[in-house]
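Peer 1: Spelled out, the chains give:
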Amino acid sequence: GAVVSQHPSRVICKSGTSVKIECRSLDFQATTMFWYRQFPKKSLMLMATSNEGSKATYEQGVEKDKFLINHASLTLSTLTVTSAHPEDSSFYICSAAPGYNEQFFGPGTRLTVL
Amino acid sequence: GESVGLHLPTLSVQEGDNSIINCAYSNSASDYFIWYKQESGKGPQFIIDIRSNMDKRQGQRVTVLLNKTVKHLSLQIAATQPGDSAVYFCAERGAAGNKLTFGGGTRVLVKP
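Note that the protein sequences, when read in sequence, are chains L and R. Going left to right, the first sequence walks through residues 142 to 255 as the numbering used here numbers them. Going left to right, the second sequence walks through residues 22 to 133 as the numbering used here numbers them.
Check the hints yourself; a few may be wrong.
What the hints assert, rightly or not - Label-pair distances were calculated between CB atoms; the ranges are:
| no. | chain 1 | residue 1 | chain 2 | residue 2 | range |
| --- | --- | --- | --- | --- | --- |
| 1 | R | D52 | L | D168 | 24 to 30 Å |
| 2 | L | R151 | R | E36 | 41 to 47 Å |
| 3 | L | F169 | R | P133 | 34 to 40 Å |
| 4 | L | D168 | R | G118 | 20 to 26 Å |
| 5 | L | H226 | R | P30 | 28 to 34 Å |
Stated by the list, open to error - Computed far set for chain R versus chain L, every beta-carbon distance over 12 Å:
| no. | residue |
| --- | --- |
| 6 | P30 |
| 7 | K89 |
| 8 | K92 |
| 9 | P103 |
| 10 | S106 |
As the list claims (entries may be wrong) - Derived lysine-lysine pairs resembling DSS-like cross-links, with alpha carbons at most 27 Å apart:
| no. | chain 1 | residue 1 | chain 2 | residue 2 |
| --- | --- | --- | --- | --- |
| 11 | L | K207 | R | K132 |
| 12 | R | K132 | L | K196 |
| 13 | R | K132 | L | K182 |
Hints were generated in silico from the structure; no laboratory data involved. Cβ atoms here follow ideal geometry from the backbone N, Cα and C, with glycine treated the same way.
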């Protein structure tokens, strides 16, 4: 149980295009979903927290107009990287929380912007 | 502000030996701590958690110790196996909200 999927697992795009990443909780409902960014050999950095049906809360320094988050249902959240640039290349990981404590992580999405 | 850090960036351990990974945290109000294992190219995998009202919790081959006096957390892995090779992160949850703050990570390399 407690499986979280992400799609796509890997994406390569041209600079200036937008990329959408989906995060799904497959066997539970997630009241909250989180989006993280991870650079090579670094720790996870929280980008934003999203609750179903409400606007996401972004961490300091994260541009909300660049990283659009939609949490349309209790099992789906999407992160759209708009007008992507090479510096946006990273490993993006989502997590889903069925309650207040545990977070279950997705397998991550490797984004490469050329 | 909140911060979670690790003492050792890399730990090499002989197969069959025990591993100890340490983590320091600075927010004395944190009430929940988790250890995650991350293999290359994958998302973090939950290992074990502990609440602040406990000082020890055991799982299968793993034990987490919490010392609130010195704000220190450790993960002990018994009889380390090659499959334990990964990066291990500690994470803490502050008193407000359910956001997690991750430590810097320790890479564990198991030598055969």
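Peer 1: Give a verdict on every hint.
Peer 2: Tested hints:
{"no.": "1", "hint": "R:D52 x L:D168: 24 to 30 Å", "in the structure": "holds, 27 Å"}
{"no.": "2", "hint": "L:R151 x R:E36: 41 to 47 Å", "in the structure": "violated, 32 Å"}
{"no.": "3", "hint": "L:F169 x R:P133: 34 to 40 Å", "in the structure": "holds, 38 Å"}
{"no.": "4", "hint": "L:D168 x R:G118: 20 to 26 Å", "in the structure": "holds, 25 Å"}
{"no.": "5", "hint": "L:H226 x R:P30: 28 to 34 Å", "in the structure": "holds, 30 Å"}
{"no.": "6", "hint": "P30", "in the structure": "violated, 9 Å"}
{"no.": "7", "hint": "K89", "in the structure": "holds, 18 Å"}
{"no.": "8", "hint": "K92", "in the structure": "holds, 18 Å"}
{"no.": "9", "hint": "P103", "in the structure": "holds, 21 Å"}
{"no.": "10", "hint": "S106", "in the structure": "holds, 15 Å"}
{"no.": "11", "hint": "L:K207 x R:K132", "in the structure": "violated, 43 Å"}
{"no.": "12", "hint": "R:K132 x L:K196", "in the structure": "violated, 47 Å"}
{"no.": "13", "hint": "R:K132 x L:K182", "in the structure": "holds, 20 Å"}
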